[in-house]
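*Asks:* Each chain, letter by letter, is given below.
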Amino acid sequence: MSRHHRRGGCLGIAAMLVLCAQGVWAQEHSYAPSDIENGRGLYQANCLGCHGDQGSSVESVDLGSGRFRRATSDEELAALIRAGIAGTLMIPRPQFSDSELVGLVSFLRTMRAQTGSTVAAREVVLGNAGHGEELFFGSAGCGNCHGVGGGGSRLYVDLANIGGTRSPASLENSILYPDAEVREGQRFMQVVDKKGNARAGLLMNQDTHSIQVMSLDEKLVSFAKSDLKSWAFLPSQMPSSRDVLSSADVSDLVAYLVSLKKAE
Amino acid sequence: MTLKKFLTFFAATALPLCFAAGSHAQVSPERLLATANTPGDWLLYHGNYNGQRYSTLSQITPRNVANLELKWIWQVRSRGGSSEKFEATPLVFDGVMYTVSPPNDVVALDPKTGRVFWTYNYTPDQNARVCCGRVNRGVAVHGDTLFMGAIDGHLLAIDRISGKLKWNITLGDPALGYAITVAPLVIGDKVIVGPAGGEYGIRGFIAAYDVNTGAEIWRFNTVPGPGEAGFESWQDPAQEAWKLGGGSIWTTGTYDPKLNLMYWGVGNPGPDWNGDSRPGDNLYTDSVVALNPDTGKLVWHYQFTPHDEMDYDSTQVPVLADIAWQGKPRQVLMLANRNGVFYVIDRTTGEFLLGKPFVAVNWMDGNFDAKGRPNRVLSPTAEGTFIMPNNQGATNWYSPSFSPATGLFYVPTWMDTYSVYTKREAQYIPGQTYVGAYPTMAVPALAARLTNQRIPEDGTGAIQAIDPRTGQIVWRHVMSDVTDSGVLSTASNLVFAGGREGIFYALDAKTGAELWKQRLGGQVASGPISFQLDGKQYIAVSAGAGLFVFGLR
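Chains as they are written, first to last, in the working numbering: chain A, 1 to 264; chain B, 265 to 817.
Chain A with its partners taken away, still in its complex shape:
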């Protein structure tokens, strides 16, 4: 913990305290199994189509993290579901009864456990966010690809609000094991034409006969599969920091990422 005495240490401690407090709060609640079960059914009928079975299919939204940008308390979360979010596909759902909302909130709050992944709920130590920022834009090389509120490549996720949508554990996991979970909308594909020329890009769309990508030089390109010898997903484009950064540096980096939250 000596790192906390370096420049920027105060920010790191503050961020850690706030986040630990939130994590404990979420874990201390208990929800009735019947409510969770009721909520699961409602989720599958109403939410799954967009949010997916892991709650992470909408870009920058991770329902399983137990953290929500626009809601802290269960009551706020219920109100949010009922009112929707203007300007998004999250339409108002006035049809939900109070008991249905209790069910949905119960399911969402326990979702990661329900869906079998425990990554996001794991406790991680948050280091010095100030030093994490230096690493991000310096030796760790993150800023070479990722922007923070602009400045990055279109191919990679802008992290301006990553702390508002991802749990510390899930962020740490992505830094150490980037290929463990590559999210929809962030998958890269390589295509090889019949002459053997390979091209890679961020997958935008595909169908039986064609593939649409954003190429590495940021052009929108479409390929006819009939023109290709092969095509396949690539592993995550992000190099692992597992054997590159010390665990203290990783904690610092996670602390910085956790601090990135868009003001509402």
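Because the hints were derived from the structure by calculation, they are not lab data.
Positions of the beta carbon are idealized from the N, C-alpha and C atoms, including for glycine.
Where hints are given, some of them may not hold.
Said to hold, decoys possible - To give an idea of the interface, some chain A residues facing chain B are shown, with a C-beta separation under 10 Å as derived from the structure:
| # | residue |
| --- | --- |
| 1 | Ile91 |
| 2 | Ser210 |
| 3 | Met214 |
Here the structure of chain A is known, so what remains is to put chain B in place on it, guided by the hints.
*Replies:* Using the frame of chain A, we list chain B on its own:
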């Protein structure tokens, strides 16, 4: 590839490529000025700054047009309601097509397959109100940024590669009727647009915004206020009428780079059908205004329908061309007006050269004074007045076309329609229509009845070819139903258009003979375009809930 190999590959290739952002070609202001050099692109709403909607591509000819076949269809995805009219003109460049699914979802399509690269979903403010459909006519481009106006009065800038929002500003309160349906116009580093809302008592304007930030650079009030030129044409003693004066903008203007003048048609004065509260000519409603795009300053104007009481918005396309006028070359502006008259104006000075009805007209007697002021003979009355053309007009926002190859002006026309205009009180209640009494119309403005229930006396639709040197109709392609379709003409002497019957067709540009047709199963309510991809010419048009692309077999 193993993970280790892959990471090595990446360290060597992918990471350096992160720095290559923005290395691809951008749509510079110069590129927009030089569309003649890239005829395979469709870079502006009209295809060109001059508003001609004319393509120099000529692979598809009167000889082979019969071999035109459907290549793909892209269906509009309707969110939260029934499908609206699909009025957008797509842009095509750098291997991508961009269009707008109504009301305000921007989509990037693969022009070879119609597959979606990305969609930017925008949900307009629930307070948005539009008189005539939750529609959008398309995007404009500058650099890597697309611009879209939304029906809630917002103007949005969207990255054309990622589909992410760059900025979002508001032009006016949607609850008061401020809306944007027009495709913006980019000139230099400005994006220029104005609000619709002439039925809600808005005060219209044309404004320029910084393409990078959305900051307003200048604003031209289409309804002048105290101290502004033209205010003297609002003569109510209380000097209040101008505040609700209308003058909306909903069809993209045109631009002459040599004269550095742009031209915009301006909408009706409010209230629409009772002019008692607004004595005077009500400038600059129902006018074409020539503005300096650097400053927004008015250089000249011509008013087509002074003191309009028939809702004859002049938001038609001011088409620019250099033609032989009385044997001498002349830089003209041509506009087929909703009021039923085809006009030719000197675009350097605004001098009126010709005004000739292209349908049956009785609101004026065909005569103009020396300055081009029409001799108006009819107005709405308490008993009701039979006036031609009808309230929807002889034409409307539907894009006309001018072919330099034939020298003809092609205009989508509602033939010989009428309305009975009845004068009633108009009371302003914020957010509600401020119009007077709706005129009767045998042909409904928005929904089409089954054609087999209509009678010929209700009026028919047509594409008419006008010789701008005389105003004479050279040919007329008549349809059983009216049309909201735009017209595309090509260098190979083809004219593409359609109508409410859902038939899209190709005509011989010289004779009007029908050479090819395709039933699309939905109203054609957009302007066709042409583009080239991998050396092949295509024709695209929106109809019903689909975007259709045709190419040669």
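*Asks:* Check each numbered hint against the structure and report the violated ones by number, ascending.
*Replies:* Result: no hint breaks.
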